[in-house]
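There are 2 protein chains.
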Amino acid sequence: MAQKRVTMADVAKLAGVSTTSVSLIMNNRQGTRLSAEAAIRVRAAADELGYRPNLTARALSTQKSHVIGFISEQVATDRLASGLIRGALQEAKRHGHVLFIAETEGEEGAVHDAVDALTDRQVDGIIYAATRPQSLHVPANVGSTPVVMLNAVSDDVADSVLADEYKGARNIIRLLLDAGHTENVVVLGRSLDHPADEWFTVAVQRRLAGIWDTLRERGVTPIAQLHCQPWSVINGYQAIHDLLQANVQPRAIICLNDRLAFGAYRALGEAGLKAGRDVAVVSFDDDDIAVYLDPMLTTAAAPFEEMGAHAVRLLLDGEHTPGEHLVPMPLRIRGSVKVPEKVGSRIEHPDDETNWVR
Amino acid sequence: MAQKRVTMADVAKLAGVSTTSVSLIMNNRQGTRLSAEAAIRVRAAADELGYRPNLTARALSTQKSHVIGFISEQVATDRLASGLIRGALQEAKRHGHVLFIAETEGEEGAVHDAVDALTDRQVDGIIYAATRPQSLHVPANVGSTPVVMLNAVSDDVADSVLADEYKGARNIIRLLLDAGHTENVVVLGRSLDHPADEWFTVAVQRRLAGIWDTLRERGVTPIAQLHCQPWSVINGYQAIHDLLQANVQPRAIICLNDRLAFGAYRALGEAGLKAGRDVAVVSFDDDDIAVYLDPMLTTAAAPFEEMGAHAVRLLLDGEHTPGEHLVPMPLRIRGSVKVPEKVGSRIEHPDDETNWVR
DNA sequence: GACGTAGGTCCTATGGAGGCC
DNA sequence: TGGCCTCCATAGGACCTACGT
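Order-wise, the sequence lines are chains A and B.
Just so it is clear: in the first sequence, position 112 is 112 by UniProt numbering, and no numbers are missing.
Just so it is clear: in the second sequence, position 227 is 227 by UniProt numbering, and no numbers are missing.
If you're looking for bench data, these hints aren't it; they were derived computationally from the structure.
Fair warning: there could be bad hints in the mix.
Since the list can't tell identical chains apart, any single copy or any two copies may satisfy a pair.
To be verified - Below, in silico cross-link-like pairs of lysine-lysine (DSBU-like), each with a Cα-Cα straight-line distance of 35 Å or less:
#, residue 1, residue 2
1, K93, K13
2, K93, K338
3, K93, K64
4, K93, K167
Make the full structure from the sequences, and use the hints.
In structure tokens:
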């Protein structure tokens with residue numbers, strides 16, 4: 001027999017005041033001269049009854065639900081990008097907000113439905129997230145609800161939170177070169193002269209640009225560009241396998257993501273070579289598998305948690321300047337690159353703030 | 001300039017009826033004699049204005065929010081158990097519900113706070129989930145909100161959804177034995193005579209019981225029980241490594257989870273042995289890494305999605321009989337066990353319904 | 001037979017009322 | 001007669017529903 005919740009009216013009765021007074025006092029409204037004594041009575045009554053305001057009713061009356069909607073294709077389930085949710089969740093909690101989660105599973109029209117489901121419940125804002133950076137369409141039924149794109153961009157929305165691919169790429173390449181691996185360098189994942197295709201997203205463009213700009217600055221010319229899409233374990237394996245078969249001996253491999261690196265490890269292993277010892281390997285993302293590898297992978301981490309948190313902050317802060325918001329990619333320096341002691345300490349990192357090593 | 005949403009009143013005015021009529025018609029209430037013609041007018045007006053009911057207001061008046069709260073320590077972020085959320089999400093969506101997600105990150109008092117945050121928003125029910133089956137305390141402030149434990153149990157709550165560890169174990173062991181691997185069997189992860197400790201949860205007990213009951217039934221006596229906790233890659237590696245050093249040659253390894261299996265693969269590899277070819281390996285969970293391994297791992301999958309969906313169903317169905325709800329663990333038959341063609345087709349699976357092979 | 005009125009859900013916002021010196 | 005302090009009535013917010021016309 002669901003005993004009902006305590007309402008303001010109950011508190012008011014016990015304290016001998018009106019519900020108005022209870023509301024004013026419980027919300028600590030300034031500028032209203034209610035006697036200190038009344039305030040004490042009301043608070044005591046509220047405590048005694050265990051009163052908690054009904055946020056649904058409050059939302060109805062204030063038009064602010066303190067709820068944020070989180071739409072994604074598969075974020076909650078994608079092990080790489082679930083960090084996005086986690087970051088958003090924590091930040092939302094710190095602001096007394098809660099998250100509605102809706103996943104579209106890539107179904108047609110599911111985004112539209114999700115938006116309906118969320119706006120029908122008066123969310124204060126919507127985060128539209130993707131597991132891989134891409135351009136998405138935001139359905140018109142969001143109406144006037146603020147939207148922030150997370151790990152994605154959209155023509156329909158001003159704000160988007162992205163990883164700083166360019167600087168991240170510069171930093172990890174600098175790390176590689178500073179450690180002395182400047183000969184027989186191979187770039188695995190995408191070649192520069194390949195025509196633009198569906199995989200060639202903004203994020204990829206910037207990642208590539210960061211890599212090549214830095215190589216050129218240092219006067220390093222790779223001995224091979226291995227193109228393969230998608231960036232899967234098997235494709236990484238195949239590419240390096242073929243390279244070795246052709247009797248080309250890489251001394252450093254720049255992998256465009258961790259899965260390619262995983263594949264590269266295998267191909268190297270079959271040839272009796274070992275990452276870290278015979279071949280330096282750097283990569284991107286800091287996928288979970290990065291630390292399962294032997295040796296563990298040095299990689300520029302996708303800063304998902306921080307990105308998720310930032311998206312929430314943007315939504316709650318109406319004052320920010322709209323546009324692209326770039327979050328630094330921290331380097332995870334591990335065994336796949338041998339960094340000589342003396343070199344390690346004098347590695348230059350002009351783009352300093354992006355170098356969150358841990 | 002947030003143009004306001006259209007309300008029932010707007011529709012009523014356009015259709016020339018009262019809001020009552022709009023409510024009755026939009027909700028398809030039976031037994032109310034409104035003219036068919038009025039219904040048509042109302043629907044047309046609603047369409048024209050793009051009317052959508054405000055679910056916050058509806059929740060306030062009906063006391064049903066069509067929202068389910070999902071509390072967990074780290075489910076959204078745990079790559080193994082995020083399937084729980086996904087399943088819940090899909091099932092909720094199918095019933096027109098939406099999920100609030102709250103994570104506790106294991107902080108003290110966070111569960112209590114999460115419950116407050118959810119009940120303040122009038123959720124219709126709460127799912128309390130864990131990444132590893134365990135017994136949890138449910139704070140009293142849930143009040144009369146229905147709660148279902150997911151991948152967990154609690155003294156405070158009747159309903160819990162768990163994987164059917166016992167039958168799952170029986171089935172995977174049968175598979176192994178039916179494939180002819182009955183000699184030199186090793187059990188990796190926990191030994192029977194080890195005293196109960198924090199790791200010895202109900203789930204583990206049942207998993208173990210399923211394994212040993214089946215071995216005994218078939219008259220198979222393992223040549224070794226390797227005990228190690230936690231069930232990590234490194235511990236799995238170490239245990240098998242030591243075994244091989246001691247010159248014991250296993251022909252079949254029953255791993256208590258996939259991470260142990262991963263470690264076992266490595267130790268075997270170093271000794272020039274290969275899973276599937278020289279040693280049959282079976283395991284539990286169907287972690288993501290299971291398909292990254294070479295050969296891919298044969299394992300009894302933790303049916304997380306189905307469990308999540310089931311929890312939602314329980315919450316929405318007030319009529320079910322309370323108690324433990326066991327969800328079958330499907331076998332994922334892959335390369336780590338060689339199943340002779342003729343054997344494969346005549347493997348017996350008395351516990352039939354649990355054998356969702358895919 | 002076909003519909004509307006009024007009151008309920010719980011909280012907030014506003015103006016104004018009563019008491020006292 | 002005013003001014004100050006303390007408080008509350010009322011009117012929303014958008015919806016549902018029992019009853020009445």
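Quick rundown of the hints versus the structure:
In the homo-oligomer, the alpha carbons of K93 and K13 lie at most 35 Å apart inside one protomer (32 Å), although the nearest pairing across protomers, at 41 Å, exceeds that limit. Within a single copy, K93 and K338 get their C-alpha atoms no closer than 41 Å, and across copies no closer than 50 Å, so neither meets the 35 Å cut-off. In this homomeric assembly, K93 and K64 come within 35 Å of each other (Cα to Cα) both inside a single copy, at 16 Å, and across copies, at 24 Å. Taking the shortest alpha-carbon separations for K93 and K167, only the intra-copy value of 30 Å comes in at or below 35 Å, while the best inter-copy value is 40 Å.
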